[in-house]
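With these hints in hand, go ahead and build the complete structure from the sequences.
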Amino acid sequence: MPNIRKMRVDDNTAWNSALKRAGIEDFRFHDLRHTWASWLVQSDVPLSILQEMGGWESIEMVRRYAHLAPNHLTEHARQIDELFGNLVPNPSQSGKIVVAK
Numbered sequence: 001m002p003n004i005r006k007m008r009v010d011d012n013t014a015w016n017s018a019l020k021r022a023g024i025e026d027f028r029f030h031d032l033r034h035t036w037a038s039w040l041v042q043s044d045v046p047l048s049i050l051q052e053m054g055g056w057e058s059i060e061m062v063r064r065y066a067h068l069a070p071n072h073l074t075e076h077a078r079q080i081d082e083l084f085g086n087l088v089p090n091p092s093q094s095g096k097i098v099v100a101k
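Position 86 of the sequence shown, counted from 1, bears residue number 86 in the working numbering, the numbering being contiguous throughout.
Bear in mind the hints are in silico, worked out from the structure with no lab data behind them.
All values derive from a computational prediction rather than experimental measurement.
Please note that a few of the clues may not be correct.
What follows is a list of derived Cβ distance ranges for each label pair [to be verified]: (1) 60 / 27: 21 to 29 Å; (2) 84 / 20: 49 to 57 Å; (3) 24 / 68: 17 to 25 Å; (4) 3 / 78: 41 to 49 Å.
Using N, Cα and C, we set each Cβ at its ideal position, and we do this for glycine too.
Laid out in structure tokens, this is it:
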């Protein structure tokens, strides 16, 4: 296994200057880990692979880091619509909610 060194930050002057120029407030470098995990999950990287890549001890920790945007559910919702077709009423199409008896 290769010898991996942790990144060392002695002087945050350049980083803080860049954040200020970009208008970003209340940002920590560690926040990039959350962004990285979220992007990978939304790109269909399996949680088990992400867990190994990120060094998390549990899938629960991976889920905590990988904040998901709701749009990742769109394709799955479309598949459910195709599967059930007209069996389930869609109130957004008729404007009325129909209660099955």
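Here is how each hint holds up against the structure:
| no. | hint | verdict |
| --- | --- | --- |
| 1 | 60 / 27: 21 to 29 Å | holds (25 Å) |
| 2 | 84 / 20: 49 to 57 Å | holds (52 Å) |
| 3 | 24 / 68: 17 to 25 Å | holds (22 Å) |
| 4 | 3 / 78: 41 to 49 Å | holds (47 Å) |
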